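If you use this note's numbering, the sequence shown corresponds to residues 609 to 787, in order.
No lab work stands behind these hints: they were computed from the structure. Misleading hints may appear alongside valid ones.
With a straight-line cut-off of 20 Å between C-alpha atoms, the simulated EDC-like cross-links for lysine to aspartate or glutamate are [what the hints assert, rightly or not]:
| id | residue 1 | residue 2 |
| --- | --- | --- |
| 1 | 755 | 612 |
| 2 | 786 | 714 |
| 3 | 755 | 634 |
Values in this document were obtained by computation on a predicted structure and should not be read as measured data.
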Amino acid sequence: MAEELYGIVSTLDEEHQDAIWRLWAEVERAFGVSISDTHVPHFTYHCAKSYAPAVHDLLASIAATTAPVATASFFIGVFDAPPPLFFLPLARTDALSAMHRRLWAELDSIATGVMDRYAADRWFATVNLAPDLETDISRELLLFLLKRDFQWQITVDNVCILHDTGERQIIEARFDFKG
Numbered sequence: 609m610a611e612e613l614y615g616i617v618s619t620l621d622e623e624h625q626d627a628i629w630r631l632w633a634e635v636e637r638a639f640g641v642s643i644s645d646t647h648v649p650h651f652t653y654h655c656a657k658s659y660a661p662a663v664h665d666l667l668a669s670i671a672a673t674t675a676p677v678a679t680a681s682f683f684i685g686v687f688d689a690p691p692p693l694f695f696l697p698l699a700r701t702d703a704l705s706a707m708h709r710r711l712w713a714e715l716d717s718i719a720t721g722v723m724d725r726y727a728a729d730r731w732f733a734t735v736n737l738a739p740d741l742e743t744d745i746s747r748e749l750l751l752f753l754l755k756r757d758f759q760w761q762i763t764v765d766n767v768c769i770l771h772d773t774g775e776r777q778i779i780e781a782r783f784d785f786k787g
């Protein structure tokens with residue numbers, strides 16, 4: 609982690625959020641790394657250096673009219689960065705894509721320093737399985753992760769404001785879907 613950012617994210621349903629927390633605890637024990645003190649399991653729709661205060665009302669309004677969204681995961685993905693980053697890609701359903709498009713359209717006027725890598729033409733929802741590791745343990749970690757079943761059916765039922773301070777991630781606000 610380095611620079612301060614904000615993200616519009618969703619956390620996973622309770623079952624799978626807990627599964628990621630347990631996985632991170634196992635990775636920490638097995639490899640002597642620290643994850644859970646600084647990260648929150650989530651996937652990102654939009655990321656910017658800042659959002660206007662109106663973001664709270666906007667997300668509350670979106671959540672009030674949005675029904676929970678079903679998605680799934682089937683395999684482990686890898687971003688080839690030093691060190692490699694392992695992630696869980698989520699199926700890009702019509703409902704999840706519609707949510708992403710709506711957020712991008714409505715956040716456009718209240719966000720500054722937007723990160724384009726989350727734009728519609730590049731975006732897919734991913735949950736980091738071992739974020740921001742300082743050392744390359746990818747060979748050992750891959751074998752460790754392949755022993756687990758990540759064929760999950762997930763219900764997305766919230767949208768959140770995540771604050772990445774550069775040192776740790778904090779969910780600043782959560783809006784549950786009520787539509």
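Hints, one by one, checked against the model:
1. 755 / 612: At roughly 35 Å apart (the allowed maximum being 20 Å), residue 612 and residue 755 break the hint.
2. 786 / 714: holds, 19 Å
3. 755 / 634: Distance ~12 Å between residue 755 and residue 634 Cα, so the pair holds.
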